[in-house]
Structures are given as C-alpha cells and as structure tokens.
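> Here are the chains, one letter per residue:
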Amino acid sequence: MADKNKKVVLYALSTCGWCRKTKNLLSQLSINYQCFDVDLLKGEEREKILQELKKYNANLSFPTLVIDDQIVIIGYDEEKIKKELT
Amino acid sequence: MIDKSLIDYWYEKLKKEAEESGYFLNPDEEFTKSLIEGLLINQERFGYFACPCRLASGNKEEDLDIICPCDYRDQDINDYGNCYCGLYVSYDVYTGKKQIKSIPERRNLKKKKREITISTLKLSLPVWRCKICGYLCAREEPPEICPICKAKKERFERFI
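Quick mapping for you: the protein sequence lines, in order, are chains A and B. In terms of our numbering, the first sequence opens at residue 1 and continues consecutively. In terms of our numbering, the second sequence opens at residue 87 and continues consecutively.
Since the hints were derived computationally from the structure, they do not count as laboratory data. Treat the hints with caution; some may be incorrect.
As a list, the in silico PhoX-like pairs of lysine-lysine whose alpha-carbon atoms are at most 25 angstroms apart [said to hold, decoys possible]:
1. B:183 / A:80
2. B:146 / A:83
3. B:183 / A:48
4. B:208 / B:119
To give a feel for the contact side, a few chain B residues facing chain A, derived at Cβ under 8 angstroms [to be verified]:
5. 110
6. 113
7. 120
8. 121
9. 132
10. 133
11. 134
12. 190
13. 191
14. 209
Backbone N, C-alpha and C define an ideal beta-carbon position, used for all residues, glycine too.
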C-alpha cells in the first residue's frame, strides 16, 4: 500500500525521459506528490526552486525526488522509490 | 506540441546516422521518441538540441557541452551502457543483453583534466580533437564539420 502521509516533492524537467518514468511510477503507485518542472519555470520562480533543490542535490540534476524533506532519490530508481513509498 | 511526423523523421535520421558511425539509438522506440520530442522542444526554445534531461541555460556557449550528442556520451556508454538521457546505448543494450538505467550526472563533477606534457615535441601544426567522437587532425584550424561524427567546428578543442 502506498503511504499517502508522506510529503513527496519531485524536481523534474518536462522534456526528460527519466523524469517522465518517475512521474508514471508515482502515479501508478497512487502517490500524491508536488512536481516542479523546472524548465517551464521562469525568472525568480526558477531561481527559488533551484535554490531549494540545491539543498538536496548540489549537482542540480533531474529527476530528484525528496521524501519528507529527508530522503533524496537522484535519478530514476524504481526499486528505491518503491521501497520508500510502498 | 511537436508534430508526430517530425519526431518520426528525426528518429529515422538519427538512427541511420548513429548506425553509420558505430553508435546505436536506444531500441525502446517509445522512450527514444519521447527524448527526440524533448530535443525538438529545446530546438524550438533555444535554437539547438540541448539535452532533454539537463537544465539548459539558453546561452549557447554555456550549453555547448550538452548539445546532443553531448561531450559525455562516449564515456557514459563505456561506463554504463547508455548516455545520460538514454538516447544512445552500447551494443549490448542495443541487442538486449543489458538494460538501460538512469545514470549519475558526470557534467558538473570536478575532475582533473588529463594533461600531457610533451616538451620535446615540435609540431608543424596544432592537433585538434573532436570532443564528441575523439577524431584527431593536424591542421591550422579544426574542420567546419567533423568528418567522422558530423559535429560542428565549435565542438573541437586544441589537443596538442
């Protein structure tokens, strides 16, 4: 069963294949998550989200999934995502 | 939205070009076409094929190393079996012997540049290296287009 009480934030790019796989997996698992497609953000808003992402992943790579502000999963890692969220 | 026929056109074109020069496109056609769609979106946004899985700055100078095929493709295919976004794969992945996976970003990792000191060597011409495929040539300037992988002049570096 998916744990719906966890706070799940996905930093992604709208054009990225691995980000798409991550989004599909989260939907499949019926996880509620907040998603930022950073390439679609502009100006200050993009900067703000990038600063936020930097705290979890200094390399600023995508996808980066953050669970409860603590667990950080960089790249598409199906096993890890399932382990943490189901 | 990118027209489906344009994606199909680029899919066939890139597949043919890859195979002619010893590279392989990811055999997962749906995934590959989604990446090509990303490339075409970036082409519309920036005027060049910035990697769909990296955040491009929009400044061509800064983004040169991540214009597809990126400077990191060959090393990533060697080390992992696929490039960062998964568009290009190794022969083992192409033939289904190995699976593609999401790999670490090597772009921003600070690494020492390999330097060769050849103090006694006197060359009559500089040697230029294509950062995409490694092609070397000794001439006054790099070629307009790499004869091996068709990368543009701007992707060459002075090697010796």
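> Take the hints in turn and mark each one as holding or not.
Against the structure, the hints come out as follows:
Only pairs whose Cα atoms come within 25 angstroms are accepted, and residue 183 of chain B paired with residue 80 of chain A is accepted, the gap being roughly 23 angstroms. About 40 angstroms separates the Cα atoms of residue 146 of chain B and residue 83 of chain A, which puts this hinted pair outside 25 angstroms; it is violated. At most 25 angstroms may separate the alpha-carbon atoms for a hinted pair to count; residue 183 of chain B and residue 48 of chain A exceed this at roughly 43 angstroms. Using a Cα cut-off of 25 angstroms, the hinted pair residue 208 of chain B and residue 119 of chain B is violated, with the two alpha carbons roughly 48 angstroms apart.
For the restraint placing residue 110 of chain B at the interface with chain A, the shortest Cβ-Cβ distance is roughly 16 angstroms, beyond the 8 angstroms limit, so the hint is violated. Taking 8 angstroms as the C-beta contact cut-off toward chain A, the hint placing residue 113 of chain B at the interface is violated, the least distance being around 14 angstroms. With its C-beta approaching chain A no nearer than about 5 angstroms, residue 120 of chain B sits inside the 8 angstroms limit, and its interface hint holds. Interface restraint check: residue 121 of chain B against chain A, minimum CB-CB distance 5 angstroms, threshold 8 angstroms, status holds.
Given hint, residue 132 of chain B at the interface with chain A, is violated; its Cβ is 11 angstroms from that chain's nearest Cβ, farther than 8 angstroms. This hint is violated: residue 133 of chain B has a C-beta 15 angstroms from the nearest C-beta of chain A, more than the 8 angstroms allowed. At its closest, the beta carbon of residue 134 of chain B sits 13 angstroms from a beta carbon of chain A; the interface hint therefore is violated under the 8 angstroms criterion. Look at residue 190 of chain B: its Cβ gets to within about 7 angstroms of chain A, closer than 8 angstroms, so that hint holds up.
Interface hint at residue 191 of chain B: satisfied, since its Cβ lies 4 angstroms from the closest Cβ of chain A, which is below the 8 angstroms cut-off. Annotation: residue 209 of chain B was flagged as interfacial toward chain A, and the flag is violated, the nearest CB pair being 38 angstroms apart, outside 8 angstroms.
Hint compliance for this structure: hints 2, 3, 4, 5, 6, 9, 10, 11, 14 are broken, all remaining hints hold.
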